[in-house]
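Trainee: Here is how the chains run, residue by residue.
2 protein chains.
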Amino acid sequence: MSTDTPNVSSFVPPIRTLMGPGPSDVHPRILSALARPTIGHLDPQFVSMMDEMKSMLQYAFQTKNELTIPVSAPGSAGMETCFVNMVEPGDTVIVCQNGVFGARMKENVERCGATPVMVEDEWGKPVDPNKLAEALKANPQASTVAFVHAETSTGAQSDVAALTKLAHEHDCLVIVDAVTSLGGTPIKVDEWGVDAIYSGSQKCLSCTPGLSPVSFSEAAVERVKSRKTAVQSWFLDLNLVMGYWGEGAKRTYHHTAPVNALYGLHEALVLLQEEGLENAWARHQKNHLILRAGIEAMGLSFIVPEEARLPQLNAVTIPDGVDEAAVRGRLLNEFNLEIGAGLGALAGKVWRIGLMGHASNVKNVMFCLGALDTVLTDMGAPIKSGVAVAAAQAAIGQS
Amino acid sequence: MSTDTPNVSSFVPPIRTLMGPGPSDVHPRILSALARPTIGHLDPQFVSMMDEMKSMLQYAFQTKNELTIPVSAPGSAGMETCFVNMVEPGDTVIVCQNGVFGARMKENVERCGATPVMVEDEWGKPVDPNKLAEALKANPQASTVAFVHAETSTGAQSDVAALTKLAHEHDCLVIVDAVTSLGGTPIKVDEWGVDAIYSGSQKCLSCTPGLSPVSFSEAAVERVKSRKTAVQSWFLDLNLVMGYWGEGAKRTYHHTAPVNALYGLHEALVLLQEEGLENAWARHQKNHLILRAGIEAMGLSFIVPEEARLPQLNAVTIPDGVDEAAVRGRLLNEFNLEIGAGLGALAGKVWRIGLMGHASNVKNVMFCLGALDTVLTDMGAPIKSGVAVAAAQAAIGQS
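First to last, the protein sequences are chains A and B. Counting in our numbering, the first sequence runs from 2 upward without gaps. Counting in our numbering, the second sequence runs from 2 upward without gaps.
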């Protein structure tokens, strides 16, 4: 043997509470579903399960789009699916950036051989429709507008309906990042006229990471089918993927679907259906308000203006003089609690507290506030100590 | 609501025996591992698990290559990872094709903007090194040679060491498809000098589908780092992926890793380590010989010459006048047994019986032979009935 036999034991993870930017706590019924016996990706029973999955994803996205499926890879691959299929070399794509993920969209546009036109907004603010309108006027050659609905790096929400309407007025199709919004905050693909949208399984759907739900309008499918150039990715080429996920019982093998991961997403969508979309949205909002009461009582604040604030991703300021990484380390080691660091321009400036899917519940809110209060007080941080949990308790009745 | 609430129940799959071309039966310990609590993809304990995973993948591939990791998507994405990173627009790539997956390699080359030079061999035969030698002489501009180690569509094995040696003599690097071979049949990446290799989790590793182990030599990494053009895929760009899977405790977020799927692969590799690679190879060979005794006693035969026959993928002829799809349907419905259909040029001409990973055991062999004998006899097929299982039993002692 050229390399020796390793000596590794089975991995038994600790039990964390996941209140970062995702993955979020996975519902126990989803974990159980993952462990069900594997069947073939062309098994008739699996094909029936795929059809159910499509109908439940249509519900989650609020769309009748036929091409509404999970991409067999994480959200980043869902993003790439949208760009490599919708964009051709030489195209101009207007990308609205107000956080990390707009920059990633720009990367995608460039790797498609297209030209990005950037519309920049301050991190933590929503995309400004006026700036988009100007960019559309200045770039009549643009074919596509891309923006993030719920910026995971800042917790800011942009107005998809308004931005889409503007884009359509200039004959552009839109690509929308809904990784952090799906299931947590209203998305209405058909009502808003969205053309291409992608999300992730590990945020407000409470599922494990690894899958990316996407949906494409008829206009988007038409564009994909009438491309002049081949899609640069074989794996993500929707013309091929449609043969496997398309209508009817006849499915053409494209790639081997991640069978057990799809069991998990199916169960996550059954849970969403049981709760009801509007109830899920209301629960996310309610728990955000309870968290907010505690955070503000402590003397911390939110970086996103209230009207654009996402309930599931709370970007919170760090008290002066506090080593923010040390705080996260103590929360993880002493409380098995994960909260998120700032990303990109906000690294070291905010914590990101996720209240996503199954993790958006009163127990988590109280626990997080109590643990944060304990650690910050112990470290001598300039906060108002010992009041956060009580403030949250008081807010439970009000919200 | 623009779309109504669906009315879907939890999906409870049937319990199948998976003896097709993959996914294969998943070991119960792997299913259990999938259901363990999710932790963050940047959690220090997860990072330690990733390091263990790398060392176990190095063992499985028999390599000391630092860049030995699982791609966060199925085998097709592992293939694409190799091509989009190793190939640049304008390159010439020699692709040896002797089945379906060589054609997929050609697609990948073209979508990289490179020129494929095809070396064709009959389906069911190994790649002919003499033909490759001729192609290398005729195409001195070629930079890369790509071929399939274990053709899943035919069950033929090619001589990786010989083909790699030829490629290197002409200053080409090699890309090797080992989707069906890893863990089932000898692979010696360092000894053979392989530059880039990809596999799948759902074949001889007995894991669920959705991950693609890959390994890259120093020469391959050097090529990726010194590319003149950006890798066309952001998601699969190894220059970025290395920041997350690279050396040391500092991991840079690239995409959200499929945490629970990786628990499963980790457990699969612990199982492989416990059995020992050489024992796993020997077990696959032994069970193939037992199956062969039964298949041949029935009067059926293998399409691959014995010296190139893969033990884990048995492409078997179909008796004259038999509706092969009806046979597979009865095996599935009456016995919960999945065997594979022929693919591409072999559609309707062979069955593919997989004996992969955990599914490669005497119980499965006896069950498959008994079920196939029963159904074919009942359908009046021209086979020698009622002897297959006994012949296999006799072979148990001999093999």
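Among these hints, one or two may not hold up.
Which bits of chain A does chain B cover? Going by a derived footprint, with three or more residues having C-beta under 8 Å, they are [said to hold, decoys possible]:
| id | stretch |
| --- | --- |
| 1 | 96 to 109 |
| 2 | 369 to 377 |
Simulated crosslink set (PhoX-like; lysine-lysine; CA at most 25 Å straight-line) [unchecked claim]:
| id | chain 1 | residue 1 | chain 2 | residue 2 |
| --- | --- | --- | --- | --- |
| 3 | B | Lys251 | A | Lys350 |
| 4 | A | Lys350 | A | Lys189 |
| 5 | B | Lys107 | B | Lys132 |
| 6 | B | Lys226 | B | Lys166 |
| 7 | B | Lys385 | B | Lys364 |
| 8 | B | Lys166 | B | Lys138 |
| 9 | A | Lys251 | A | Lys287 |
| 10 | A | Lys107 | B | Lys350 |
| 11 | A | Lys107 | B | Lys229 |
| 12 | A | Lys107 | A | Lys126 |
| 13 | A | Lys226 | B | Lys229 |
| 14 | B | Lys226 | B | Lys287 |
| 15 | A | Lys65 | A | Lys166 |
| 16 | A | Lys251 | B | Lys287 |
| 17 | A | Lys166 | A | Lys287 |
| 18 | B | Lys287 | B | Lys251 |
| 19 | A | Lys166 | A | Lys189 |
| 20 | B | Lys107 | A | Lys229 |
Derived from the structure by calculation, the hints contain no laboratory data. The structure displayed is predicted, hence computed values, not measured ones. No residue lacks a Cβ here, since even glycine has one placed at the ideal position from N, Cα and C.
Trainee: Does each hint hold? Answer for all of them.
Mentor: To see whether the hints hold, each was checked on the structure:
1. 96 to 109: Answer holds; 3 residues pass the 8 Å Cβ test.
2. 369 to 377: Our answer is that it is violated, as 0 residues pass the Cβ test (under 8 Å) against chain B, missing three.
3. B:Lys251 <-> A:Lys350: With a Cα-Cα distance of about 20 Å, the restraint between B:Lys251 and A:Lys350 holds, given a limit of 25 Å.
4. A:Lys350 <-> A:Lys189: 33 Å, violated
5. B:Lys107 <-> B:Lys132: 17 Å, holds
6. B:Lys226 <-> B:Lys166: Holds, because 24 Å separates the two Cα atoms, which is no more than 25 Å.
7. B:Lys385 <-> B:Lys364: The hint holds at about 22 Å.
8. B:Lys166 <-> B:Lys138: 14 Å, holds
9. A:Lys251 <-> A:Lys287: Violated - the C-alpha atoms of A:Lys287 and A:Lys251 are around 44 Å apart, more than 25 Å.
10. A:Lys107 <-> B:Lys350: The hint is violated at about 48 Å.
11. A:Lys107 <-> B:Lys229: Holds: A:Lys107 and B:Lys229 sit about 20 Å apart, inside 25 Å.
12. A:Lys107 <-> A:Lys126: 19 Å, holds
13. A:Lys226 <-> B:Lys229: 31 Å, violated
14. B:Lys226 <-> B:Lys287: 43 Å, violated
15. A:Lys65 <-> A:Lys166: 19 Å, holds
16. A:Lys251 <-> B:Lys287: Answer violated: A:Lys251 to B:Lys287 is near 36 Å, above 25 Å.
17. A:Lys166 <-> A:Lys287: Violated: A:Lys166 and A:Lys287 sit about 30 Å apart, past 25 Å.
18. B:Lys287 <-> B:Lys251: With a Cα-Cα distance of about 44 Å, the restraint between B:Lys287 and B:Lys251 is violated, given a limit of 25 Å.
19. A:Lys166 <-> A:Lys189: Holds, at about 13 Å.
20. B:Lys107 <-> A:Lys229: Given that 25 Å is the threshold and the Cα spacing comes to 20 Å, the pair holds.
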